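*Asks:* Now for the letters of each chain:
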Amino acid sequence: VRRTPITLVGDGIENPGNAQAMIHAAEMFGGECRFRDRSGRLHSWQETAPDAEAVRLVSPGGLADDYCPLVALDNLNGAADVYSFDLGRTPRPALVAGNERMGISPEVQSLAHQRVQIPMVSRRMNCLNVAAASAVALYYLTRGHPAKLQVRSHPDKRRPEVLMIGATEHVELGSAIRSAGAFGWGQLLIEDRAGVWFGCDRATCTEGRAAARRHRNPIHLLPAQPDRRYPFEEACVITTRQVGTPIHQTSLARGPAQVIAIPDESQIDLEGEDWSRLAKSFRFVHLDLPCVDFRYHYRLIATIALAEVARQVGRKAPGFEGRPRRERPLYDRSLELLMAEGGEVVDLEELERY
Amino acid sequence: LSRSKHTVPPRIRAVRRVRAPEEPRGCGDPSAQHTLAREMKELGLVIDAVAGTSPLLPHPVGGSAPCPLPRVRVTRPRHGYHHPANQADITRLLRFFGEVCTYGLRSVELVQDQDAPGQSRWLFGRLVVPGRILIYDQPPSPWLLRGKLPAREEARLRGAGAVVEAFEEGLHTVVTWPDNTLRDFMLFEVLMHEIGHHILQQYRGKRPMRIARTRDHEAFAENFSRRCREIYDDSERQTS
Numbered sequence: 001v002r003r004t005p006i007t008l009v010g011d012g013i014e015n016p017g018n019a020q021a022m023i024h025a026a027e028m029f030g031g032e033c034r035f036r037d038r039s040g041r042l043h044s045w046q047e048t049a050p051d052a053e054a055v056r057l058v059s060p061g062g063l064a065d066d067y068c069p070l071v072a073l074d075n076l077n078g079a080a081d082v083y084s085f086d087l088g089r090t091p092r093p094a095l096v097a098g099n100e101r102m103g104i105s106p107e108v109q110s111l112a113h114q115r116v117q118i119p120m121v122s123r124r125m126n127c128l129n130v131a132a133a134s135a136v137a138l139y140y141l142t143r144g145h146p147a148k149l150q151v152r153s154h155p156d157k158r159r160p161e162v163l164m165i166g167a168t169e170h171v172e173l174g175s176a177i178r179s180a181g182a183f184g185w186g187q188l189l190i191e192d193r194a195g196v197w198f199g200c201d202r203a204t205c206t207e208g209r210a211a212a213r214r215h216r217n218p219i220h221l222l223p224a225q226p227d228r229r230y231p232f233e234e235a236c237v238i239t240t241r242q243v244g245t246p247i248h249q250t251s252l253a254r255g256p257a258q259v260i261a262i263p264d265e266s267q268i269d270l271e272g273e274d275w276s277r278l279a280k281s282f283r284f285v286h287l288d289l290p291c292v293d294f295r296y297h298y299r300l301i302a303t304i305a306l307a308e309v310a311r312q313v314g315r316k317a318p319g320f321e322g323r324p325r326r327e328r329p330l331y332d333r334s335l336e337l338l339m340a341e342g343g344e345v346v347d348l349e350e351l352e353r354y
Numbered sequence: 001l002s003r004s005k006h007t008v009p010p011r012i013r014a015v016r017r018v019r020a021p022e023e024p025r026g027c028g029d030p031s032a033q034h035t036l037a038r039e040m041k042e043l044g045l046v047i048d049a050v051a052g053t054s055p056l057l058p059h060p061v062g063g064s065a066p067c068p069l070p071r072v073r074v075t076r077p078r079h080g081y082h083h084p085a086n087q088a089d090i091t092r093l094l095r096f097f098g099e100v101c102t103y104g105l106r107s108v109e110l111v112q113d114q115d116a117p118g119q120s121r122w123l124f125g126r127l128v129v130p131g132r133i134l135i136y137d138q139p140p141s142p143w144l145l146r147g148k149l150p151a152r153e154e155a156r157l158r159g160a161g162a163v164v165e166a167f168e169e170g171l172h173t174v175v176t177w178p179d180n181t182l183r184d185f186m187l188f189e190v191l192m193h194e195i196g197h198h199i200l201q202q203y204r205g206k207r208p209m210r211i212a213r214t215r216d217h218e219a220f221a222e223n224f225s226r227r228c229r230e231i232y233d234d235s236e237r238q239t240s
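As they're listed, the protein sequences go chains A and B.
Position 30 of the first sequence, counted from 1, bears residue number 30 in this note's numbering, the numbering being contiguous throughout.
Position 68 of the second sequence, counted from 1, bears residue number 68 in this note's numbering, the numbering being contiguous throughout.
The shape of chain A in the complex, shown without the other chains (with noise of 0.2 Å):
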């Protein structure tokens, strides 16, 4: 695990919990969080919630003074794969990540040193919310063993199937239900044990599907019950605090016999769990993070797990869309030209004028 902390910058975010969110995701990985104030926007966050932690914030030329390299996280133009992307031994890295909507300013992107991105496989959902894609990148930035998306003919036959359980908040387990659908999976299994989902009021009903997308994101949820057995040939069971065969070591793209179950260990404890009824086999799989002790949230852990799941799963290789697109015929009018050799016939006569 590289050993230098990597500063979290966010760059105009509109939304407190998400800034919340965001410092809770760089202290997990062992660093600090900083705003650019884009629009004046601390006053209200103060309002709205002031037993929040208080924001440190940051100018753009504060950023280029303090931070070398400065790395943007969006899907813009030239972004280098973030699972592959090799930070380097440099003092002090920042990672910038842009407004929830807008993305990073347009400043800030001349500031940049280097431009990162997650790889996304849906099409009508290309974005994570944005302290879920925050953790997600600084993960893959601190590991310091840059991983290789997979390439594969049929990456949808090696797409496990997922089972979350027992998130407590609606907006949590919301945005882990994005990041599902973003990594292309077409359905999902839910334990609500909390009732934060199925069956919950309207106010929540409304948060939580807002924070899913779910407009946009077609991911089918189904529900799961606690007593349930499944038929699943393994099981993997993610969690942080539990030993475990480490996460980038296990192999978790076998396709539909495989499960994977993401508990909310802020409610669940794991050794009370019966695991057993899930599949034939399970085991741990450990998230190795920085820092032992952090706030945890749901949604960035289960974001993490994800997105290792979805590398493994990988992709289809570029340019693999199909037939080439055949040549329209095209039928030329023309003159056919006989064009005049390179050189002149010259007599001896004119020759000996030379």
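Note that these hints are calculated values from the structure, not bench results.
Keep in mind that this is a model prediction, so the values were computed, not measured.
For glycine and all other residues, C-beta sits at the position ideal for the given N, C-alpha and C.
Keep in mind that a hint or two might mislead.
Stated by the list, open to error - Here are some, though not all, of the chain A residues that point toward chain B, as calculated from beta-carbon distances under 7 Å:
(1) S266
(2) R328
(3) Y331
(4) L335
(5) E349
For this one, chain A is given, so just place chain B on it according to the hints.
*Replies:* Showing chain B alone in chain A's frame:
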């Protein structure tokens, strides 16, 4: 024998589709009129059965109104060049030959040729399948060409009315176009030739792929343009 909707001869189909491109395939089909007339007769209604005279029967497609033409786009020629056949000439010719030629034709464009020094051929026109004809700008007469023309090309130009002279033992060729011969050459030998290619593509299959050998394609287009010129000349003689 009854004729199915799918075996309407191209001459009839082209007129109907050019004049009413948005109508369904069965529009104007006589069988629909017969069905309607039979049902009304069973109800005891007597109607004037001449199509177009009764409000219950659809108007015959077309009528005396001029048929819609494909879009004719004109681009300014290069400096020192011109378009021998202008927009009015092309419109007049398309109207003369009618819907059979313009069915499926999307545009006729008078465009600039790309300057390509050292190219071994002189481009007059091009059909881009489906249905886009490009007519390139040409220098004014006389044309000074490097080298000697092949005999076949020379005969083609002479047949179109040009005067072809070789100078300096075939190192240069001068092609002179008297009166309106260059305009007529562009209209018949180029535009109608490309329309011949288009007709072969349009009536044999609408997919943008080659439907005949290039040799057969060229032969059809050549015959088509020659026949068009004969028909046009006959018409002009009768008019005069």
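*Asks:* With reference to the structure, classify each hint as holding or not holding.
*Replies:* Quick rundown of the hints versus the structure:
{"no.": "1", "hint": "S266", "verdict": "violated (60 Å)"}
{"no.": "2", "hint": "R328", "verdict": "holds (5 Å)"}
{"no.": "3", "hint": "Y331", "verdict": "holds (4 Å)"}
{"no.": "4", "hint": "L335", "verdict": "holds (4 Å)"}
{"no.": "5", "hint": "E349", "verdict": "violated (17 Å)"}
Hint violations for this structure: numbers 1 and 5, all remaining hints satisfied.
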